[in-house]
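Colleague: In order, the protein sequences belong to chains Y and C. Residue numbers for the first sequence follow the working numbering, beginning at 1 and rising by one. Residue numbers for the second sequence follow the working numbering, beginning at 1 and rising by one.
The reader is advised that the hints may include incorrect statements.
[Said to hold, decoys possible] When the alpha-carbon atoms are kept at most 20 Å apart in a straight line, the in silico EDC-like pairs for lysine to aspartate or glutamate are as follows:
| # | chain 1 | residue 1 | chain 2 | residue 2 |
| --- | --- | --- | --- | --- |
| 1 | Y | 101 | C | 68 |
| 2 | C | 101 | Y | 24 |
| 3 | C | 64 | Y | 68 |
| 4 | Y | 64 | C | 105 |
| 5 | C | 64 | Y | 196 |
| 6 | C | 155 | Y | 153 |
| 7 | Y | 101 | C | 105 |
| 8 | Y | 216 | Y | 196 |
| 9 | Y | 101 | C | 24 |
| 10 | Y | 39 | Y | 2 |
| 11 | Y | 221 | C | 65 |
| 12 | Y | 64 | C | 65 |
| 13 | Y | 192 | Y | 153 |
| 14 | C | 101 | Y | 196 |
| 15 | C | 64 | Y | 105 |
| 16 | Y | 64 | C | 71 |
| 17 | C | 14 | C | 213 |
| 18 | Y | 64 | C | 213 |
[What the hints assert, rightly or not] Derived coverage of chain C by chain Y (criterion: at least 3 residues anywhere in the stretch with Cβ under 8 Å from a Cβ of chain Y; other residues may be distant):
| # | segment |
| --- | --- |
| 19 | 34-47 |
| 20 | 111-124 |
| 21 | 159-173 |
| 22 | 216-223 |
[Claimed, not checked] Sample of chain C residues lacking proximity to chain Y, with all beta carbon distances greater than 12 Å (derived):
| # | residue |
| --- | --- |
| 23 | 2 |
| 24 | 5 |
| 25 | 57 |
| 26 | 131 |
| 27 | 189 |
| 28 | 237 |
| 29 | 239 |
| 30 | 245 |
| 31 | 257 |
| 32 | 259 |
| 33 | 263 |
| 34 | 264 |
If you're looking for bench data, these hints aren't it; they were derived computationally from the structure. For every residue, glycine included, the Cβ atom is placed at its ideal position computed from N, Cα and C.
There are 2 protein chains.
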Amino acid sequence: MEYNKLVALIQDRKSFLCVGLDTDPNKIPAGISLLDFNKSIIDATRDYCVAYKPNLAFYECLGKEGWEILEETVQYIGNDHFTIADAKRGDIGNTSSYYAKTFYETYGFDSVTVAPYMGRDSVEPFLQNPGKWAIVLALTSNQGAYDFQTFSDGKSALFEKVLQTVSTWGTPQNTMFVVGATKAELLEQVRKIVPDHFLLVPGVGAQGGSLEEVIKFGRNKDIGLLINASRSILYASSDPSTFAAAAAKEAKNLQLDMARITGL
Amino acid sequence: MEYNKLVALIQDRKSFLCVGLDTDPNKIPAGISLLDFNKSIIDATRDYCVAYKPNLAFYECLGKEGWEILEETVQYIGNDHFTIADAKRGDIGNTSSYYAKTFYETYGFDSVTVAPYMGRDSVEPFLQNPGKWAIVLALTSNQGAYDFQTFSDGKSALFEKVLQTVSTWGTPQNTMFVVGATKAELLEQVRKIVPDHFLLVPGVGAQGGSLEEVIKFGRNKDIGLLINASRSILYASSDPSTFAAAAAKEAKNLQLDMARITGL
């Protein structure tokens, strides 16, 4: 999906919500298949979000059946939502090329999350397909982010070095960065380094990040944010007859908050 | 696989060779299936190596058929070789738990390669199963290693900080580190920080690293090295009638060199 289309979707739906499809066999209502659960969640939230983000771990652990569910889920989403393979890949160049092929061609995703540890030749293969995006980890939402991402040379922390460096390898049309909502106070620093890039922001909802603060410190002229919620939407109700309606309500509330706070 | 069994295999076979199964549909001889290719390579190299390392990218890109080939390949390897899922995973805790389950339980691997960028809670789920191992990226063999892995606070480079920190999360019985053969001169520094851990060393062969130097600077009292070769073995010949014999010869030469240099 091209940058302009994503921006237009955000304007049309007055939303920059991404629904994380962390579909957990142990948490979905009894008696419903994973694929049917995903389809119900997608139907319930379609009008309130602009992106879906399947978390690959939850599909891989099921073996080949999981990959079938993933494939059918991506097809079911269609072309009017931005799709993110939350896969945290990254390897030497010829290997990263195969990962890019996997997610862009085999499964048809618009984007893949990428870990930057291995550097330029591990990221570049994800930047070479028009309309496809690398979403590179910068400052993640978990406690472990402080182990290495804030390691500093006295001038920059590692996550700032990643933003500075990776932003020169691509453009705001093919690169986004992951910045966790639980560290919203650092979004101001992030925006000084990458004013024009989209940021994928996990951590609102179950992980406790504040939507108001993320928008305050993170928005740019095109909004420039995809704010992800997973568990708070997917598992809003465990009742097989009401989970979809509960998910719709959660997603709609987030959409309304987004529209209100930004004036979209 | 337990530490002691791995050390015993190394002693018995006078080898610490790992064969990387980067099985590339575009490079294998015409007229042979990927699974049959893997089986032929395994049969040809079994006596000369102690480990096999399928590179997940090459299987994932084939969709669900690729995962079937992976599953059958791991089964075919059996229990007398250490198996490594070269997957470079790492995500927030509940997600990493699912990746650990995928590779340890669904596919039965002994170990997974893990990217350390997201810190402690992204690595620990890989350390909680007896006989299973996290192999954490420290200093990789590619050019991009210099982008972030050598970023320094003036006392330590990031890869040293990773070695120092991650080695306190587990033990030499459940944690290894990736250190590229193309940076053999840094192995001395690595060994000062982690004298007792196994190191997985890619980059000998096609990438140009020196076996002699890796052994000189990297070995410890139990050898403590798994040296990987992929392309130089897999694609030693592209002739369908001789590729297996050519792979066996390459692997045997490496084994003989290892025995000679170490006096095993």
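Colleague: What hints, given by number in increasing order, does this structure fail?
Modeller: Violated hints (numbers, rising): 5, 7, 10, 11, 14, 18, 19, 22, 25; every other hint is consistent with the structure.
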